[in-house]
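K.L.:
With the hints as your guide, set chain B onto chain A.
Below, each chain spelled out in residue letters.
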Amino acid sequence: MMPQDWFDIGISSLPMIKFLDDQEQKCLNPLSCLREHESKWVIEFDLPLVEKKDISVYLDEDGMIVVEAKLKETYVDSKGGKSFEYEYFKKSLSLPKNIDTKNISARFSGGILTITLPKLYKGTKIQIN
Amino acid sequence: MKKIKVAKGAKINKTKKGEKILLLGFPGNGLIGTFTISYLIAHLQMKLVGDVSHPDMPPTLFIENGEVLGPIRIYRKDNIYAIISDIPVFPEIASDFVSSIAEFCTKNKIRKVIVPSGVDTQSTDAKDIKTYGLPTDQTFEKIMYENEMPKFIAGSIIGTDATVITTFRNYKIPLLMLYTTCHPFFPDPQASVAAITTLAKLLKVHVDTTDIQKRIDYLKIQHKNLMQETLGALQAEKQLPSKIPPIYR
Chain A
1207 MMPQDWFDIG
1217 ISSLPMIKFL
1227 DDQEQKCLNP
1237 LSCLREHESK
1247 WVIEFDLPLV
1257 EKKDISVYLD
1267 EDGMIVVEAK
1277 LKETYVDSKG
1287 GKSFEYEYFK
1297 KSLSLPKNID
1307 TKNISARFSG
1317 GILTITLPKL
1327 YKGTKIQIN
Chain B
-2 MKKIKVAKGA
8 KINKTKKGEK
18 ILLLGFPGNG
28 LIGTFTISYL
38 IAHLQMKLVG
48 DVSHPDMPPT
58 LFIENGEVLG
68 PIRIYRKDNI
78 YAIISDIPVF
88 PEIASDFVSS
98 IAEFCTKNKI
108 RKVIVPSGVD
118 TQSTDAKDIK
128 TYGLPTDQTF
138 EKIMYENEMP
148 KFIAGSIIGT
158 DATVITTFRN
168 YKIPLLMLYT
178 TCHPFFPDPQ
188 ASVAAITTLA
198 KLLKVHVDTT
208 DIQKRIDYLK
218 IQHKNLMQET
228 LGALQAEKQL
238 PSKIPPIYR
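Here the protein sequences come in this chain order: A and B. Read in the working numbering, the first sequence has 1244 at position 38, and its numbers run on one by one without any break. Read in the working numbering, the second sequence has 152 at position 155, and its numbers run on one by one without any break.
So that you can see chain A by itself, here it is in the shape it has in the complex:
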């Protein structure tokens, strides 16, 4: 339902703010999804118009996973008589907790980058009497 008072709308819920494409830096914000499995997390990034050799994936100093990719060709988006050119994809995501960062792997197929994050198991075994 639409909110009764315009001022009650949180600015982050406005659709325009969510898109996060950076027109100045010519950067598109790619779609991503995170799925949890028993032994791992899997993050997928949708990277159309990209070749594998132009993708860079790394962990930054803050523990974020960063994906950067150069487009095969400049993507032009025309809106309201203006044209915006984009040349890159870039996105940073926070990692879930308890990840085995040494065994993170990545695969690129069909325009989708799949990053597998194995879980680290910690804790004490409970004896069953």
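These are calculated hints, taken from the structure and not from any lab test. Honestly, I wouldn't trust all of these hints.
Below are the SDA-like pairs computed for lysine to any residue, each with C-alpha atoms no more than 20 Å apart in a straight line [stated by the list, open to error]: (1) A:1296 / B:225; (2) A:1296 / B:216; (3) A:1278 / B:74; (4) B:221 / A:1226; (5) B:139 / B:15; (6) A:1276 / B:214; (7) A:1276 / B:212; (8) A:1246 / A:1313; (9) B:139 / B:194; (10) B:221 / A:1279; (11) A:1297 / B:194; (12) B:221 / B:194; (13) B:17 / B:181; (14) A:1328 / A:1243; (15) B:221 / B:231.
P.N.:
Here is chain B on its own, set in the frame of chain A:
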């Protein structure tokens, strides 16, 4: 129940031949419905005959070639009608929206409804893309058999798709859901090619999907924002509050 307003221009004239069929497309998994119906509207050169509005819908309009277009539009070519929504159908208005479409069908003697949609799949290999049919009536069972279409045998359906199936069953209007395996969270025009081919076979029309095949990457980027909005609506469907009966407190 709030009424969905169907603009006066959507009055349908009687057709000389062929049973009337409605194709319904709205953003969902992989944007299969959006891609499939918008392609067929363009390919069949269907004429815009009206639009659909609701007071609780986000106020949205599109401008194309200087013309103001509503986000949910009705098209027609001969005995084929198409309703396409360019915005996600939020759970709060889904029931009103689908009920009004069903009443529209009843009023205009539309005997069959086909809805292309997407279903999550573990495999992202293009070779594994398949379209399954989920009919609510014997009429469509026969059509599926004649076209060698596999049947959707088991699974769970939630959200707007479930509302569509329930509503058309209640109105006793034969419905065929076409479920194409796809990536649910990213636009999947590759999968929509399979949906378009299947739907064209059912409608007995010829299509050429070469153009889509060439533009798959561009279509994915162009529809990125719509997919993001749709994911918001799908998320809202999952978060609908459920009331716990007092007995369980």
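K.L.:
Of the hints given before, which are not true for this structure?
P.N.:
When the structure is compared with the hints, numbers 3, 11, 12, 13 turn out to be violated.
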